[in-house]
Amino acid sequence: DQQVKQNSPSLSVQEGRISILNCDYTNSMFDYFLWYKKYPAEGPTFLISISSIKDKNEDGRFTVFLNKSAKHLSLHIVPSQPGDSAVYFCAASEANSKLTFGKGITLSVRP
Amino acid sequence: NAGVTQTPKFQVLKTGQSMTLQCAQDMNHEYMSWYRQDPGMGLRLIHYSVGAGITDQGEVPNGYNVSRSTTEDFPLRLLSAAPSQTSVYFCASSYSGRSSGNTIYFGEGSWLTVV
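Residue numbers (our numbering), protein chains in the order written: chain A, 1 to 111; chain B, 1 to 115.
A few of these clues could be false.
Simulated pairs of lysine-lysine, DSS-like, Cα-Cα distance not exceeding 27 angstroms [unchecked claim]:
(1) A:Lys-37 to A:Lys-68
(2) A:Lys-5 to A:Lys-56
(3) B:Lys-9 to A:Lys-98
(4) A:Lys-71 to A:Lys-54
(5) A:Lys-5 to A:Lys-71
(6) B:Lys-9 to A:Lys-37
Quick caveat, the hints were computed from the structure, so don't treat them as lab data.
Treat the numbers as computed from the prediction; the structure is a model and nothing was measured.
Please take these sequences and the hints and turn them into a complete structure.
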C-alpha cells in the first residue's frame with residue numbers, strides 16, 4: 001500500500017516556463033511534507049518542506065502548495081531552468097517521525 | 001566538510017556472498033539510516049538508528065543487518081546476497097529523527113549488483 005504517490009513518472013517543460021510536480025498521499029496522519037531533488041549518481045538533497053498547518057511555503061523559485069482536504073501537494077518551479085532537470089521525490093512524515101517517499105518524478109527542462 | 005561518506009561506490013557480488021556497505025558521517029548526527037532505491041519504487045527505509053547502540057527496522061529490513069557502535073559509523077551488512085538485493089543504497093544522517101526543521105543529508109549512493 002503506497003502512502004505517498006507520484007503518479008506521473010516524468011515531466012518535460014520549456015526553459016522559463018512553470019514546472020508543476022504533483023504528489024498525493026493517503027495517510028491522513030501525515031503532518032509534514034518535503035521535496036527532495038536528486039541528480040544522477042548523487043544522493044538526494046533537501047529542497048523545500050511544508051507543515052500541515054500551512055497551505056503554502058515559498059523559497060525563491062520553488063513553492064510548495066498543500067491541500068489537506070484533497071490530500072494533495074504540488075511543487076511549483078518558476079521559472080524552470082535546465083539545471084532543474086533531475087528526479088524529484090515527494091516525502092511525508094507522521095508525528096515528526098520517519099519519512100515515507102514517493103517513487104519520484106523525472107523533470108526535464110528543455111533549453 | 002565530508003558530510004556522509006559511503007563506500008564502496010560500486011560492487012558486484014555473487015549470490016550467497018556477504019559484504020558490508022560502509023557509512024560514516026562527520027556531523028555528529030545522532031540519527032542515521034539506510035535506504036534502497038529501485039526503479040519505480042522510490043526510496044525505501046531498510047534500517048535506522050537513533051544513536052550509538054540503538055538500531056531498529058524500517059520498511060524492508062529482511063536480508064540486512066546493521067550495528068551502531070559509534071556515532072559516526074553505521075555499516076549495512078548483507079549476510080547472504082540475493083539478486084533481489086541488486087539496488088542503489090543510500091546512507092543518510094540527520095541531527096535527530098524528527099522530520100520538521102531537521103535536514104537529512106544523504107550519501108552519494110552505493111550501486112550493488114548481485115549476480
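Hint check results:
For the given pair, Lys-37 of chain A sits about 23 angstroms from Lys-68 of chain A by alpha-carbon distance, which is consistent with the 27 angstroms threshold. For the given pair, Lys-5 of chain A sits about 20 angstroms from Lys-56 of chain A by alpha-carbon distance, which is consistent with the 27 angstroms threshold. In summary, the hint linking Lys-9 of chain B to Lys-98 of chain A is supported, as the alpha carbons are separated by about 25 angstroms, within the 27 angstroms threshold. Between Lys-71 of chain A and Lys-54 of chain A the alpha-carbon distance is near 13 angstroms, which keeps this suggested pair within the 27 angstroms criterion.
Taking the CA atoms of Lys-5 of chain A and Lys-71 of chain A, the gap is near 10 angstroms; set against the 27 angstroms cutoff, the hint holds. Note on Lys-9 of chain B and Lys-37 of chain A: the hinted pairing holds, with a Cα-Cα distance of about 20 angstroms set against a maximum of 27 angstroms.
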